[in-house]
Amino acid sequence: MSSYRRYRRRWPLPARAQRPPWRRAFDFALMIVFFALVALLAARLNVRPPAELLAGRAYVIDGDTVSIAGNRIRLKGIDAPELAQDCGNGQAATGCGHASRQALIGFVGGRDVRCEASGKDKYDRTLATCYSGGINLNRAMVEAGQAVAYGDYHDVEASAIRARRGLWAIEFETPQDWRREHEAAANEQAPKSLPGPVDQLFAWLGRLLGGLW
Numbered sequence: 000m001s002s003y004r005r006y007r008r009r010w011p012l013p014a015r016a017q018r019p020p021w022r023r024a025f026d027f028a029l030m031i032v033f034f035a036l037v038a039l040l041a042a043r044l045n046v047r048p049p050a051e052l053l054a055g056r057a058y059v060i061d062g063d064t065v066s067i068a069g070n071r072i073r074l075k076g077i078d079a080p081e082l083a084q085d086c087g088n089g090q091a092a093t094g095c096g097h098a099s100r101q102a103l104i105g106f107v108g109g110r111d112v113r114c115e116a117s118g119k120d121k122y123d124r125t126l127a128t129c130y131s132g133g134i135n136l137n138r139a140m141v142e143a144g145q146a147v148a149y150g151d152y153h154d155v156e157a158s159a160i161r162a163r164r165g166l167w168a169i170e171f172e173t174p175q176d177w178r179r180e181h182e183a184a185a186n187e188q189a190p191k192s193l194p195g196p197v198d199q200l201f202a203w204l205g206r207l208l209g210g211l212w
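Residue numbers 0 to 212, in numbering that gives the first Met the number 0, belong to the letters of the sequence shown in order.
No lab work stands behind these hints: they were computed from the structure.
The reader is advised that the hints may include incorrect statements.
Pairwise CB distance ranges, derived in the manner of DEER restraints [said to hold, decoys possible]:
{"#": "1", "residue 1": "101", "residue 2": "178", "range": "19 to 27 Å"}
{"#": "2", "residue 1": "133", "residue 2": "69", "range": "19 to 27 Å"}
{"#": "3", "residue 1": "178", "residue 2": "32", "range": "51 to 59 Å"}
{"#": "4", "residue 1": "58", "residue 2": "158", "range": "44 to 52 Å"}
{"#": "5", "residue 1": "182", "residue 2": "101", "range": "23 to 31 Å"}
Positions of the beta carbon are idealized from the N, C-alpha and C atoms, including for glycine.
Whole structure, please, built from the sequences with the hints as guidance.
Dropping the structure here:
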């Protein structure tokens, strides 16, 4: 028996169409435009809205709060002693809250104040960085040792500590600790509210039913 091989005829594959040079250039340009649009969109999403500006004559309430046209503004990133706060011990105690307020009045110097708002605090006061005559009031108060850093300005606070300026020349409680202690004391001394009519009725019924047994 003779053997033989079967051969299949292979048809040549069609040649791949070559893309014209202009099409490749067009696709490349389209890709560049796409990525440029993506980058532009990302940049626009990252742009912060301009800060709200409050400007005018400022009334200094305390060492970290001013009022401009009825807007109560808290100097952001610092914490100054409360007006009623004393610092130091015994006869050396001083009204550091009033001293801090006077320091801020001095930095304002009777000039108009410009504040760049950046949100609200839990008391609904505007948080802002404020300037007067080119002076950053927030920074100046910490640098003078008349306020402590509260999330910002730690560099100038370190300088004030080394130089023993303002509060750092005496013993003092941080304003936050002072507020916490005095708020707790005020809550303990606050008189209890009188019972309302419903509470009085239930108390009377309790006494009445108790007397029947």
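Structure-based check of all given hints:
{"no.": "1", "hint": "101 with 178: 19 to 27 Å", "in the structure": "20 Å, holds"}
{"no.": "2", "hint": "133 with 69: 19 to 27 Å", "in the structure": "25 Å, holds"}
{"no.": "3", "hint": "178 with 32: 51 to 59 Å", "in the structure": "57 Å, holds"}
{"no.": "4", "hint": "58 with 158: 44 to 52 Å", "in the structure": "29 Å, violated"}
{"no.": "5", "hint": "182 with 101: 23 to 31 Å", "in the structure": "25 Å, holds"}
Hint 4 alone, counting from the list given before, is not met by this structure.
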